[in-house]
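Q: Chain by chain, the residues:
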Amino acid sequence: MKLAVINGSPRGRDSNSSRIAGWITSSLEGSVEVCHAYVFNIARYDELMAKIGGCDYYLFIFPLYTDSMPGLSKAFMEKMEEHKPLFSGKNIAFIIHSGFPESSQSLTVERYTRYFASLLGMNCTGTIKMGGSEIIRSAPDSFFKDKVAAFQKIAKNIERSEPFDAKALEIIGSRKRHGAFFNFIFKHIDIGGIYWNRILRKNKAYKSRFDRPYLND
Amino acid sequence: MIAGRKWNQLCGKHMNVTIINGTPGDGWDEFENHLDKAAGTLSADHRVDFFTLRDMNINYCRGCFSCWVKTPGLCVFRDDMDIILDKYVRSDFLIFAGPLKTGFLPALTKKAMDRIIPVALPYIRLFDGECHHPRRYENQPVLGLLLFDDSPGAEAVDIAFSTIDRLALNLHPERTFKFIVTAEKIEEVLIHEIGGNQRLSKG
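Residue numbers (my numbering), protein chains in the order written: chain R, 1 to 217; chain D, 1 to 203.
Simulated from the structure, these hints should not be mistaken for lab results.
Misleading hints may appear alongside valid ones.
[Unchecked claim] Dumping the calculated SDA-like pairs for lysine to any residue here, alpha-carbon to alpha-carbon at most 20 Å:
| id | chain 1 | residue 1 | chain 2 | residue 2 |
| --- | --- | --- | --- | --- |
| 1 | R | K153 | R | E170 |
| 2 | R | K202 | D | L74 |
| 3 | R | K207 | D | K185 |
| 4 | D | K70 | R | S208 |
| 5 | D | K185 | D | F50 |
| 6 | R | K79 | D | K70 |
Only a predicted model underlies this, so the values are computations on that prediction, with no experimental measurement involved.
Let's have the full structure, built from the sequences with the hints guiding it.
A: Rendered as structure tokens:
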């Protein structure tokens with residue numbers, strides 16, 4: 001089987017999408033041939049269509065940008081529609097990951113992934129939603145042990161072109177919405193603030209963190 | 001401020017309106033002509049800034065977060081998005097207009113939408129059990145979507161509308177409006193939503 005991994009992140013090879021893709025591709029049997037495509041190089045889209053057009057299965061991974069797919073991922077989808085005969089009748093799966101910790105943020109764009117698959121006459125084998133992805137790049141695999149194991153199960157599902165393991169999906173997208181406990185903790189400890197302020201200080205930009213450059217005030 | 005804006009709207013007072021036309025290319029002349037005409041009609045009472053994205057030089061967001069952590073509020077790209085954001089922070093209305101493409105907002109529109117994140121702060125606050133970003137600027141325009149009606153199907157329209165509702169959770173406008181419109185209805189819908197003393201143009 002030939003699997004096309006479409007990396008929908010504008011960050012390209014140095015992205016959280018790349019890291020997630022690696023968790024899957026490193027678990028695939030040798031009989032699966034993997035073909036990588038990156039959406040950031042818009043000038044090469046026609047070339048990329050020719051490159052991935054002969055694949056049997058498509059795995060499209062993208063981060064959530066302003067509540068849906070990044071503009072570049074959408075541009076790639078539009079190009080795929082132009083080349084619809086290359087993709088019709090084939091399998092496609094999606095992984096949507098968000099910096100926000102809860103996977104409920106991706107529900108609307110998840111609906112679109114199914115719509116897109118049907119528009120291209122493709123068989124959508126599943127859409128995986130994962131929250132809290134912004135720290136993936138800066139943390140070791142051991143930090144995400146359960147999720148990595150779940151993605152390894154997903155790799156086996158892809159190999160066999162079967163529906164995704166329900167328990168693996170549950171592990172990956174477990175935090176759908178927050179409960180009372182999280183709300184309590186979050187109210188008293190500004191975890192996001194600690195994270196962003198550390199980076200702002202490192203960049204010597206902490207003092208200007210509330211700047212409003214378009215008003216010049 | 002909110003009450004003031006509503007009062008002004010009811011009284012037909014001057015508003016700042018930013019219209020972003022994300023029509024990707026040919027085949028939508030009738031809709032674009034009507035949109036242009038509607039902008040002209042609104043200009044009699046309001047300040048209208050009209051942008052056609054396909055004629056502008058705007059880079060895709062590359063996800064570097066410089067606008068949050070290196071040069072707060074400012075993207076690394078100095079391109080035509082500066083002109084739009086300069087209007088955005090003074091607008092009472094921000095309206096995305098155009099057709100769906102591949103069953104969703106066109107990449108052109110999505111590109112501009114992604115580049116709005118400098119107006120948000122990186123910090124996270126809980127809203128109804130979900131994390132969202134607080135606003136950087138006090139002013140946040142009413143967020144509107146006008147979809148050109150080409151019978152795209154109920155599911156695609158509903159997904160686009162829901163996307164605007166989700167975007168509103170991070171941009172915090174006082175309200176949103178979303179319509180799927182025929183070319184002839186564009187002017188009527190905009191005048192109804194924005195208010196003012198304009199009369200529908202003839203022909």
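Q: For the pair supplied as a hint, K207 of chain R and K185 of chain D, confirm whether the alpha-carbon distance does not exceed 20 Å.
A: violated, 48 Å
Q: Can you confirm whether the C-alpha distance between K202 of chain R and L74 of chain D stays at or below 20 Å?
A: Holds, at roughly 18 Å.
Q: Decide if the proposed pair is consistent with the structure: K79 of chain R and K70 of chain D, CA atoms, cutoff 20 Å inclusive.
A: violated, 34 Å
Q: For the pair we were handed, K185 of chain D and F50 of chain D, check the Cα-Cα distance against 20 Å.
A: At roughly 18 Å apart (the allowed maximum being 20 Å), F50 of chain D and K185 of chain D satisfy the hint.
Q: If you draw a straight line from the CA of K70 of chain D to the CA of S208 of chain R, is it 20 Å or shorter?
A: Roughly 9 Å separates the two Cα atoms, so the pair holds.
Q: Keeping to a limit of 20 Å between CA atoms, is the pair of K153 of chain R and E170 of chain R held or broken?
A: holds, 12 Å
In the structure shown, a violation is registered for the earlier hints numbered 3, 6, in ascending order.
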